[in-house]
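Novice: Single-letter residue listing:
There are 2 protein chains.
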Amino acid sequence: MTKEHDLINRYFAPLCSPSEAAPAFGLLDDTAILPPTKDHQLLVTTDALVAGVHFFADDPAHSIAHKALAVNVSDIVAKGGHPDSYVLTIALPKNIEPNWLQEFASGLGDAQSEYGCQLIGGDTVATSGPLMISITLLGKVTTGKMVRRKGARPGDVVFVSGTIGDAALGLLLRTNGELLAKTTLTSRQVEHLRERYLQPQPRVELAANVATYASAALDVSDGLVGDFSKLCAASHVGGTIEAARVPLSDAAISALAQEPDLLETILTGGDDYEVLAVVPAALAEKFEQEAVNVMRIGLIGERQDSIKVLDADGQPLELAQSAYDHFGDIER
Amino acid sequence: MTKEHDLINRYFAPLCSPSEAAPAFGLLDDTAILPPTKDHQLLVTTDALVAGVHFFADDPAHSIAHKALAVNVSDIVAKGGHPDSYVLTIALPKNIEPNWLQEFASGLGDAQSEYGCQLIGGDTVATSGPLMISITLLGKVTTGKMVRRKGARPGDVVFVSGTIGDAALGLLLRTNGELLAKTTLTSRQVEHLRERYLQPQPRVELAANVATYASAALDVSDGLVGDFSKLCAASHVGGTIEAARVPLSDAAISALAQEPDLLETILTGGDDYEVLAVVPAALAEKFEQEAVNVMRIGLIGERQDSIKVLDADGQPLELAQSAYDHFGDIER
Numbered sequence: 003m004t005k006e007h008d009l010i011n012r013y014f015a016p017l018c019s020p021s022e023a024a025p026a027f028g029l030l031d032d033t034a035i036l037p038p039t040k041d042h043q044l045l046v047t048t049d050a051l052v053a054g055v056h057f058f059a060d061d062p063a064h065s066i067a068h069k070a071l072a073v074n075v076s077d078i079v080a081k082g083g084h085p086d087s088y089v090l091t092i093a094l095p096k097n098i099e100p101n102w103l104q105e106f107a108s109g110l111g112d113a114q115s116e117y118g119c120q121l122i123g124g125d126t127v128a129t130s131g132p133l134m135i136s137i138t139l140l141g142k143v144t145t146g147k148m149v150r151r152k153g154a155r156p157g158d159v160v161f162v163s164g165t166i167g168d169a170a171l172g173l174l175l176r177t178n179g180e181l182l183a184k185t186t187l188t189s190r191q192v193e194h195l196r197e198r199y200l201q202p203q204p205r206v207e208l209a210a211n212v213a214t215y216a217s218a219a220l221d222v223s224d225g226l227v228g229d230f231s232k233l234c235a236a237s238h239v240g241g242t243i244e245a246a247r248v249p250l251s252d253a254a255i256s257a258l259a260q261e262p263d264l265l266e267t268i269l270t271g272g273d274d275y276e277v278l279a280v281v282p283a284a285l286a287e288k289f290e291q292e293a294v295n296v297m298r299i300g301l302i303g304e305r306q307d308s309i310k311v312l313d314a315d316g317q318p319l320e321l322a323q324s325a326y327d328h329f330g331d332i333e334r
Numbered sequence: 003m004t005k006e007h008d009l010i011n012r013y014f015a016p017l018c019s020p021s022e023a024a025p026a027f028g029l030l031d032d033t034a035i036l037p038p039t040k041d042h043q044l045l046v047t048t049d050a051l052v053a054g055v056h057f058f059a060d061d062p063a064h065s066i067a068h069k070a071l072a073v074n075v076s077d078i079v080a081k082g083g084h085p086d087s088y089v090l091t092i093a094l095p096k097n098i099e100p101n102w103l104q105e106f107a108s109g110l111g112d113a114q115s116e117y118g119c120q121l122i123g124g125d126t127v128a129t130s131g132p133l134m135i136s137i138t139l140l141g142k143v144t145t146g147k148m149v150r151r152k153g154a155r156p157g158d159v160v161f162v163s164g165t166i167g168d169a170a171l172g173l174l175l176r177t178n179g180e181l182l183a184k185t186t187l188t189s190r191q192v193e194h195l196r197e198r199y200l201q202p203q204p205r206v207e208l209a210a211n212v213a214t215y216a217s218a219a220l221d222v223s224d225g226l227v228g229d230f231s232k233l234c235a236a237s238h239v240g241g242t243i244e245a246a247r248v249p250l251s252d253a254a255i256s257a258l259a260q261e262p263d264l265l266e267t268i269l270t271g272g273d274d275y276e277v278l279a280v281v282p283a284a285l286a287e288k289f290e291q292e293a294v295n296v297m298r299i300g301l302i303g304e305r306q307d308s309i310k311v312l313d314a315d316g317q318p319l320e321l322a323q324s325a326y327d328h329f330g331d332i333e334r
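Going line by line, the protein sequences match chains A and B. Quick note, the numbering used here runs 2 ahead of the 1-based positions in the first sequence. Quick note, the numbering used here runs 2 ahead of the 1-based positions in the second sequence.
These aren't lab readings, by the way, just hints derived from the structure by calculation. Do not take every clue at face value.
Any copy will do: because identical chains look the same in the list, a pair fits if it lies in one copy or spans two.
[Unchecked claim] In silico DSS-like links for lysine-lysine, alpha-carbon gap of 27 Å or less:
#1 142 / 40
#2 96 / 5
#3 5 / 152
#4 310 / 5
#5 142 / 288
#6 40 / 147
Next up, chain A with everything else stripped away, as it sits in the complex (with noise of 0.2 Å):
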């Protein structure tokens, strides 16, 4: 048989449970199956990751994967889905080593136990190139419960998941050291930061609060202001977001009361993959009462051509950029 054969039976294989039966068939057949549905829909997400634009080519191998499959799973998961199979592209180059093959599969075994869900196929391809991984993850959600962008009606309140910032902080902290190096960032706060931007940790807690009381949601993935204007634009509506209200990790407390110009960084920077929710102020209790881990951060206004983040005293914050755009590499 060939190489490709023996690398998809050793490192991929043991990723589809159980072995040889159905959706996968333990990818002996190029095609997997999934069940009639019934009381649920499925949703179809895909997302690539390229060496040297969405991670730097040296990460560890166990968190590439993690990110490959997590980046994934933050788009099911705003849009009040479950993540259930996923289908992975890996185009390798050719200096790939088997001890980096073993920790990717490791890191995407340990990824798709922590999400709850599993390989069902793939192709794995050689490339002159950079090492690029591209899934396909397929979720569940209840019938009629997908919550789109489009939704957010005046009056909604905006919530976000966890932290924001954190990742973009991290890479900052890979491409441009000097800056945090004026802060006084503990090795502890450090290390938060890289690890966020290495690992993301999208909110599958929040899933069923999402398709329970969001009218409109999307991942935080290209930065929070640029993707609370996205959300807007789809519903056709304005906003405003208190920037004193986004939470932040201490370690982004940290940097930020050095650097006050990092302000931008955090709030346009990118990579969070934390839950943006619009919910009716009617259910804004309820929400906030269920949900883990989520803030007010704003509200949802008529006009829909004006989105305003504002600062602590409620003047309109001038952002240079508001949405990180991925082409552009990382390593420049």
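Since chain A is already given, all that's left is putting chain B on it; use the hints.
Specialist: Positioned in the frame of chain A, the structure of chain B alone reads:
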């Protein structure tokens, strides 16, 4: 908005129909949704193409797009299913031209019309490496009717669709023109072989016949002999192919008449995207009548480790390489 956003809006959103409705919501939601399934199951397959490995970087963009979808359609058809919807990941080198993208999108549009499926999502990323396209295709199959590699029984008849070896000869024309220059192919024959490499034609018209009659099947993508071996291995049987019965185009017959050594290229070269279907003997005649353009080429036998290809005198052929492994470049 970002460059990626513009690119999606301009080239890919028009491939979702109707715009802004389910399943794809005009590509605005990062996530598509599928309706509940009742009388069918969903098939999932994924195949990626890399420039310089699976196609030539200077192939027409229209052909590249067609091939990227066609190779996935081929997998679904060979399992007895019909293509339904797909997500596209495309990694673009920096120097890609708008014209190229326009032609690529047009090729995808033509291919999806031909195969009866639609774009429902995707991801567009930048790469410093070669162009890469990864498609995950979802197909529909009548519940319980998916045809696996496993399932062939001794005495079953082996069928193949279309003609075999054209694409491999078409590739040879590109990489080793001298070899074929010795043959007296007409320009129409040369064009036929090139076209079969550039634009595979998966046999969607055979899906229902495969679902109804086949005990096992797969698509011929890595070479007839190698893929037949895989089917036999999965089914725990052996089998025999009669080389003289393998259907050839008149171009392949001409090439073979001048260069008998090309038989190995034809039988093992790959990229055929034909259907290899194994049918119980009692149903073989009906299958032959109902299925368009299929040919009996062999029989399934008892012995698991015995895969034979017989020449016109009934003697086993010795083949050096049984399957093409894409872990080599085409542009050596």
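Novice: All hints, please: hold or fail.
Specialist: Verification of the supplied hints:
1. 142 / 40: So residue 142 and residue 40 pass the 27 Å test inside a copy (11 Å) and across (16 Å) alike.
2. 96 / 5: Within one copy only: 12 Å inside a chain, 31 Å across chains, cut-off 27 Å.
3. 5 / 152: between (46 Å within a copy, 22 Å between copies)
4. 310 / 5: Close across copies (22 Å), not inside one copy (55 Å); limit 27 Å.
5. 142 / 288: Within one copy, since 24 Å is at most 27 Å while 40 Å is not.
6. 40 / 147: Both: 14 Å inside a chain and 19 Å across chains, each within 27 Å.
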